[in-house]
Amino acid sequence: MEKLEHPLVIVNWVNALLGPLVRAIFEPMGFHFTGHYVIPPYMVMVILIVAGLTVLSLLVRSRLSVENPGTLQIVMEDGIGAIVGLLDEWIGHEGRRYLPLLGTLGIFILCGNYMGLVPGLMSPTASINVTLGCAITVWVYYHFQGIKTQGIVNYIKHFWKPAGAPWWIGFVYMPIEVISHSARVMSLSLRLFGNIFAEELVIIILFSIIPFLAPLPMMFLGLVTGGLQAFIFVLLSIIYLQAAVAVEHHDEVDAKGHHHLPGGNHAPASA
Amino acid sequence: MSKRSVLTFALVMGAGMFAPVFAQEAGGGSGSSEIAKWSIITAGFALAFAAGLGALAQGRGVSAAAEAIARNPGAAGDIRGALILGLVLIESLVIYVLLISLILFFLPPFK
Chain A
1 MEKLEHPLVI VNWVNALLGP LVRAIFEPMG FHFTGHYVIP PYMVMVILIV
51 AGLTVLSLLV RSRLSVENPG TLQIVMEDGI GAIVGLLDEW IGHEGRRYLP
101 LLGTLGIFIL CGNYMGLVPG LMSPTASINV TLGCAITVWV YYHFQGIKTQ
151 GIVNYIKHFW KPAGAPWWIG FVYMPIEVIS HSARVMSLSL RLFGNIFAEE
201 LVIIILFSII PFLAPLPMMF LGLVTGGLQA FIFVLLSIIY LQAAVAVEHH
251 DEVDAKGHHH LPGGNHAPAS A
Chain B
272 MSKRSVLTFA LVMGAGMFAP VFAQEAGGGS GSSEIAKWSI ITAGFALAFA
322 AGLGALAQGR GVSAAAEAIA RNPGAAGDIR GALILGLVLI ESLVIYVLLI
372 SLILFFLPPF K
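Chains as they are written, first to last, in my numbering: chain A, 1 to 271; chain B, 272 to 382.
Note that these hints are calculated values from the structure, not bench results.
Partial pick of chain A residues on the chain B-facing surface, computed with a CB cut under 8 Å:
hint: 1; residue: LEU190
hint: 2; residue: ARG191
hint: 3; residue: GLY194
hint: 4; residue: ALA198
hint: 5; residue: ILE232
All residues carry an ideal CB built from backbone N, CA and C; glycine is no exception.
Using the sequences and the hints given, assemble the complete structure.
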């Protein structure tokens, strides 16, 4: 698909600026740079997102105020409140400590999806490298959190059999669980990559038919699917975390003698 | 004729439409461009199947969700959440087929 790559001005600038430096750092380690660019276009976009969001957050942080918040502070508080609401609904009150990773991923993917609609920029999430990186991060993170919460023996026991099943069901259940967990990496990364890359591809093709007019409906659709895909990535990560971290609660008896089972929503057992 | 026999008849006639394909001489092109040609046709058909069946599944999901909200308007938030989750999971299957089609289309095997 070489004929679909188009040189972006920003990518050329960054490569002219930082290219020799990066090459000088990495070539002694044995990396060989193939292709046109030392820093690939998606990497330049990722650097842009990171730099832009850091500057924006520092700016908001320097003007934080309770009585007189500015617009940007209200927007950011709303965004974080939405993710915290999702976490509380699915995992419960201990879910707050997963907020840093999930919030960062959510904002990163949202900005990444919308960057493709701006002329002169491309979506970093339209490259399988970025989406696979996000998916593998989430996968390693939820396994790590599961082991940290439940202990490694208990965690592996949950792979063998679900709670309340006879012990010999593990011979059938464990392969299914292993395959399903491995498929989560592919599904998370391919879903995001497929949506954003296909939308960009259709915009390019429509642009070659009637420039500036034909891509417009697809770009409106891109606004919707960009936000939806970011939300779904975060939601699925929360569901996987909940499945990994949920501790078996036995029937607890209250001080008054009422039985109750703690816990909020529980996830469907697949995908 | 009963409805079922009309349906079978129509299916058999539809399958018979493909008969001229077998009348072609074998080896119409060189081996590898033959595979490239067929892989592009396969890509188109695969995507058509996937989009059709995916749309059917999503339609059932949306109709069930709409009916549930009509019966129980208080639970609309929860139902909407479950609906969105289900729709995206079904749609991701169609996206997988789209990716395979793109691979077949742009990087035909054995070219």
